[in-house]
Amino acid sequence: MISRSKLILPALAILVAGCASVQNPDPRDPFEGFNRAVYKFNDGFDRAIAKPVATAYVKVTPGPVRTGVRNFFSNIADVFIGVNNLLQGKPEEALTDWGRFAFNTTFGFLGIADWATDMGLEKHDEDFGQTFGRWGAGTGPYLVLPFLGPSDVRDGVGTAFDMYTDPVSNRTPVDERNSAIALRLVSRRADLLGASRLLEQAALDPYAFLRDAYLQRRRSLVYDGRPPRERMPDEDAGPRGN
Amino acid sequence: MMAPDALVKKVTLEVVGIIKNDKDIRSGDREKLIDLIGAKVLPHFDFQTMTATAVGLGWRKATPEQRARLTEEFKTLLVRTYASALAAYSDQRFDFRPLHARPSDTDVTVQVRVIQSGAQPISIDYGMEKTSAGWKVYDVSVGGVSLVANYRTEFGNLVRAEGIDGLIRNLHAKNESLERSGEQGKK
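Residue numbers (the numbering used here), protein chains in the order written: chain A, 1 to 242; chain B, 1 to 187.
The shape of chain B in the complex, shown without the other chains (with noise of 0.2 Å):
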C-alpha cells in the first residue's frame, strides 16, 4: 500500500501535469477536466464518510436510499467545485510537507502548502483514513477552513427546515444549475 503523502504527492503532480499540457483543459474545457478529476482523484475520496460528517445527526435517520442519493448529489457537488479551483491553477509551486506519523497510524493529516508571491502560502490539508482499499481522503482543509465542517451548519440547517429529502432536493437544483452555467460558460 502507497503511503498517505506519497500518495497525495503521485497524485497532484500527475493530475497538475496533465492540465499544463492539455490544451482542452486550459482553454477551459470543463467536462473533460471534470473527467479528469473522476479518474484520478476520485478513486481516493471516501464521499460516503464525507457525507456522513456533513450531514451529522440527520444521516443516522436517513434511508439508505437517501444515503445514496446524498452522497451522489455532494459528491457532483464538490467535483464540480474542485474543478474550478484546479481550473485557476497558474503554476504555483508545491512545498509537500513531511508526514508526522507513526508507522501504525490508521488516520493522519497530509499537508501541502501552495507558495505564491507576495502572500502567504495556502495550506491544503487532507484528513487520510486507512482502509482495506488503501488510504482515503475524508477532509479537505485549505487555509485551515474544513470542507466537511463548513458544510455542516448549512446542511443540519436545511434537514431540520425542510428534512432530509429537503437537503437531497437542495442539492440536485444546486447541482443542475451549476451544470447549466457551465454549459453556458463553454459558448
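Excised from the complex, chain A in its bound form (with noise of 0.2 Å):
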C-alpha cells in the first residue's frame, strides 16, 4: 500500500508548479494552474472520443428516438430533482416535478415521451450543489474535475451526492446499469454539441470563458433564475459612459 505522503507530495507540486505560471490570479480560481492542465486532460478526451462517439450517434440515429432517450433519462432524473425541490423547502415544485415522473412515467411510455411538459408540468433543474447553495454555502474555490469538467468544491460535493442517489448507477444487473450510464452518457454529450461549438467559436480563451459562464449559470440555478444583482467590479467607475 502506497503511503499517504507519497500521493500527496506529487500532487502538491503539480498544484504549486501550476499556480506560479498563471499570469492574471483570480480569486475565485486560486487553483487556476492545476485546473487548467485537468481542462486541458478532458478536452484531449472529448476531442479524442466523446466528441466523435456522440457525433457518430447524432449522425446515426434519427431525433424522435433521441428525444426518447434524453426524456428516459429526464424522467429517471426528476425523483431526485423532486428531494431537492423539498430540500430547499419548495414542496409545490417538488409535487410537479414527482407529479411529472407519475404521469411521464405511465402514460409516457416509461418516460420516453415528455406529455407532462406540453400540459404546463415544467422540468427543473435541481441537484444538491444547488441544494447547499440554496442552504447557504459558499462555492469555495472553482475546480476542474476528470472528465466530469467544471465544478466547483461545493458542487464537488454535490456531484458527490448526486451520484450516490442516482437511480441508474443503482442499478443491480451490472451489464445493464453500464450500457445505461454510457447511452446517458453519449446523450447528454450530444445535447450539448452546439453549445460546445459555440464556446468554440465565441471565446479568446475557452477555458476562462467556461469557468466564468460555469459560475454565472451555478448562480443563476442555485436562485432559480432570479439571482440577486451583483455589483460587477469597477461599476462605480461608470464604463458605459463615454
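Please keep in mind that the hints were generated in silico from the structure rather than gathered at the bench.
It is possible that part of the hints are untrue.
Distance condition first, Cα-Cα at most 25 Å in a straight line; then the derived SDA-like pairs of lysine to any residue [said to hold, decoys possible]:
hint : chain 1 : residue 1 : chain 2 : residue 2
1    : A       : Lys51     : B       : Gln116
2    : B       : Lys40     : B       : Asp24
3    : B       : Lys174    : A       : Asp43
4    : B       : Lys174    : A       : Gly33
5    : B       : Lys9      : A       : Ala195
Combine both chains into one complex, guided by the hints.
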C-alpha cells in the first residue's frame, strides 16, 4: 500500500507548479494552473473520444429516438430533482417533479415521451450542489474535475451525493447499468454539441470563458433564475459612459 | 415608440419565420444568415455600451479610434456567434414572458423562454435601455449567463497583458479565423 504522503506530495508539486505559472490570478480560481491542466486533459479526451462518439450518435439515430432517450433519463432524474426541491423548501415544485414522473412513467411509456411538459408541468433543474447553495454554502474555489468538467468545491460534494443517489447507477445487473450509464453520457454530450461549438467560436480563452459561464450559470440556478444583482467589479467607475 | 417586450417578440418571430422559409439559410448559408441578422436584429443593439461594459476599466483609457475598432470587432464576433446559435434553431416554441416594469422605467429586462422536450426551458433575458432612437439591447443573458459579464474577465486579462491594442489584435485574429473556417464550411 502506498503511503499517503507519497500521493500527496506529487499532487502538491503539480498544484504549486501550476499556480506559479498563472499570469492574472483570479480570486475565484486559486488552483487555475492545476485546473487548466485538467481542462486540457478533459479537452483531449473529449476531442478523441466523447465528441466523435456523440457526433456519430447524432448521425445514426433519428431525432425522435434521441429525444426519447433524453426524455427517458430526464424522467428518472425528476425523482431526485423533486427531493432536492423539497430539501430547498419548495414543496410545490417537488410535487410538480413527482407529478411529472408519475405521469410520464405511465402515460409517457416509461418516460420516453415528455407529455408532462406539454401539459404545462414544467421541468426543473436541481441537484445537491444547488441545495447546498440554497442552504447558504458558498461555492469555494472553482475546480475542474477529471472527465466531469467545470465544478467547484460545493458542487463537487454535491455531485458525489448526486451520484450516490442516482437511480441509474444503483441498478443491480451491472452490464445493464453500465450500458445505461454509457448511453446517458453519450446522449448528454450530444445535447451539448451545439453549445461546445458556440464556446469554441465565442471564446478568446475557452478555459476562462467556460469557467465564468459555469459560475454565472450555477449562481443563476441556485436562485432559480432570479439571483440578487451582483455589482460588477468597477461599476462605480461607470464604464458605460463615453 | 414600440414597447420593449413587443419589440423583442416582433423581431424574434420575424427572424425565425424568415429562417424557417429560407432554403439557403436552412442548408447552411452562413453569410445570408449574417446579412439577415444585420438587417433585422443589429439595429436594436447598442454595441458601444455592450463593448464598454465588457472591456470595463480599460475603456476609459482607450482613444476614440481604439473604441471604434473594439466595438466593430466585438460586434463582428457577437454576430457570428449569434448566427451559429440561430442556425441550430429547429422549431422550438417561445414563451414571451409578461414584462414587469412601470411605464416610466428606462431600463428593463425582457424575458423569453425557449421550451424544449425533456429539459428545463432555456431563458433568454434581454437587458434593454430606452434611448431617443427606441429601446436598445445592451446585454443578453442565456440561461442566466450574461454575455457581457462573461467577456469581462477575458478582456480584462488581455488588456492587462497586452494593452488595448493587444485586445483589438486578438479579437481581429479570432474573427479572421472564424471567417476562414466559415468559408471552408461552405465548400
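Determine which of the earlier numbered hints do not hold for this structure and return their numbers in increasing order.
Every hint satisfied by this model.
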